[in-house]
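Trainee: Heads up: the sequence lines are chains Y and X, in that order.
Heads up, the first sequence is in our numbering, so the first residue is 1 and it goes up one at a time.
Heads up, the second sequence is in our numbering, so the first residue is 114 and it goes up one at a time.
The hints are simulated quantities; they were obtained by calculation from the structure and are not laboratory data.
It should be emphasised that the depicted structure is a prediction, and the values quoted were computed from it without experimental measurement.
Warning: the hint list may mix true and false statements.
Each computed BS3-like pair below joins lysine-lysine, with the alpha-carbon atoms no more than 25 Å apart [what the hints assert, rightly or not]:
hint, chain 1, residue 1, chain 2, residue 2
1, X, Lys133, Y, Lys1
2, X, Lys154, Y, Lys42
3, X, Lys168, X, Lys179
4, X, Lys127, X, Lys177
5, X, Lys127, X, Lys179
6, X, Lys133, X, Lys179
7, Y, Lys42, Y, Lys1
8, X, Lys127, Y, Lys42
9, Y, Lys1, X, Lys127
10, Y, Lys1, Y, Lys68
11, X, Lys179, X, Lys154
12, X, Lys133, X, Lys177
13, Y, Lys1, X, Lys154
14, Y, Lys105, Y, Lys1
15, Y, Lys42, X, Lys133
16, X, Lys154, Y, Lys105
17, X, Lys127, X, Lys168
18, Y, Lys68, Y, Lys105
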Amino acid sequence: KQEVTQIPAALSVPEGENLVLNCSFTDSAIYNLQWFRQDPGKGLTSLLLIQSSQREQTSGRLNASLDKSSGRSTLYIAASQPGDSATYLCAVRPESGNTPLVFGKGTRLSVIA
Amino acid sequence: GAVVSQHPSRVICKSGTSVKIECRSLDFQATTMFWYRQFPKQSLMLMATSNEGSKATYEQGVEKDKFLINHASLTLSTLTVTSAHPEDSSFYICSARRASYNEQFFGPGTRLTVL
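Please construct the entire structure, taking both the sequences and the accompanying hints into account.
Mentor: Shown next, in the form of structure tokens:
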């Protein structure tokens, strides 16, 4: 059974810092991997989707990498801002069938002004 | 494009009542919809997967008679929490995927509070 782990569980950084969030998954047979942002009491906002054949995706200050064989992904946030404060969730779609995303527990990020 | 809506966004009910949550794909046809629940500071836990016109497939430990899921059309799925109890209080999030498409799109969630 696929399990997704995110480290650290919480992170607090001063504004302007670059930071890396980590995600690992136990079964490398994945179809794709997505990073989401969730603000308190709100739904999910999709940030980046990486296909299993891709190594990375970029959107603005965000860069996500994928090392499928080692079961790892990282989300890099450049020049962090207080508005980046949120919980970041990593989710993988298993390779077989029309299967749902499996989520990690998230990293709660606080960017201090 | 690819917008998923949920209604209501928030509901408070008395213990023993039933609550229906609607999930709609606004600009695409969702062949598959997923229902998740999320407890405070926890991740999303999959409850069930439903394909249009078929019975939902429930995850282990989820009572199908308590959480009734209907996916009667390609744009609408409903989750009914029957005889709700305080322990059912949670954040319920639906997600939709269209055929031959990679991405799952998520609704904004419904906060259920059972008194």
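Trainee: Given the hinted pair Lys133/X and Lys1/Y, is their Cα-Cα distance within 25 Å?
Mentor: Between Lys133/X and Lys1/Y the Cα gap is close to 31 Å, so the pair fails against 25 Å, i.e. violated.
Trainee: Between the alpha carbons of Lys127/X and Lys179/X, is the straight-line distance 25 Å or under?
Mentor: Holds, at roughly 16 Å.
Trainee: Does Lys1/Y lie within 25 Å of Lys105/Y when you go C-alpha to C-alpha?
Mentor: Holds: Lys105/Y and Lys1/Y sit about 16 Å apart, inside 25 Å.
Trainee: Below or equal to 25 Å on CA atoms is what counts here, so check Lys127/X against Lys168/X.
Mentor: Answer violated: Lys127/X to Lys168/X is near 28 Å, above 25 Å.
Trainee: Assess, step by step, whether the Cα of Lys1/Y is no farther than 25 Å from the Cα of Lys127/X, and give holds or violated.
Mentor: 37 Å, violated
Trainee: Does Lys177/X lie within 25 Å of Lys127/X when you go C-alpha to C-alpha?
Mentor: 21 Å, holds
Trainee: Take a quick look at whether Lys1/Y and Lys68/Y sit within 25 Å of each other, Cα to Cα.
Mentor: OK: Lys1/Y and Lys68/Y at ~16 Å, within 25 Å.
Trainee: Compare the distance between the alpha carbons of Lys42/Y and Lys1/Y with 25 Å, and conclude whether the hinted pair is satisfied.
Mentor: 28 Å, violated
Trainee: With the threshold set at 25 Å, check whether the alpha-carbon distance from Lys133/X to Lys177/X stays at or below it.
Mentor: Answer holds: Lys133/X to Lys177/X is near 14 Å, not above 25 Å.
Trainee: If you draw a straight line from the CA of Lys154/X to the CA of Lys105/Y, is it 25 Å or shorter?
Mentor: 8 Å, holds
Trainee: Has the given pair, Lys68/Y with Lys105/Y, been kept, meaning a C-alpha gap of at most 25 Å?
Mentor: 20 Å, holds
Trainee: Run the distance test for Lys1/Y versus Lys154/X: straight-line Cα separation, threshold 25 Å.
Mentor: 23 Å, holds
In terms of the numbered hints stated before, the structure departs from hints 1, 7, 9 and 17, listed from lowest to highest.
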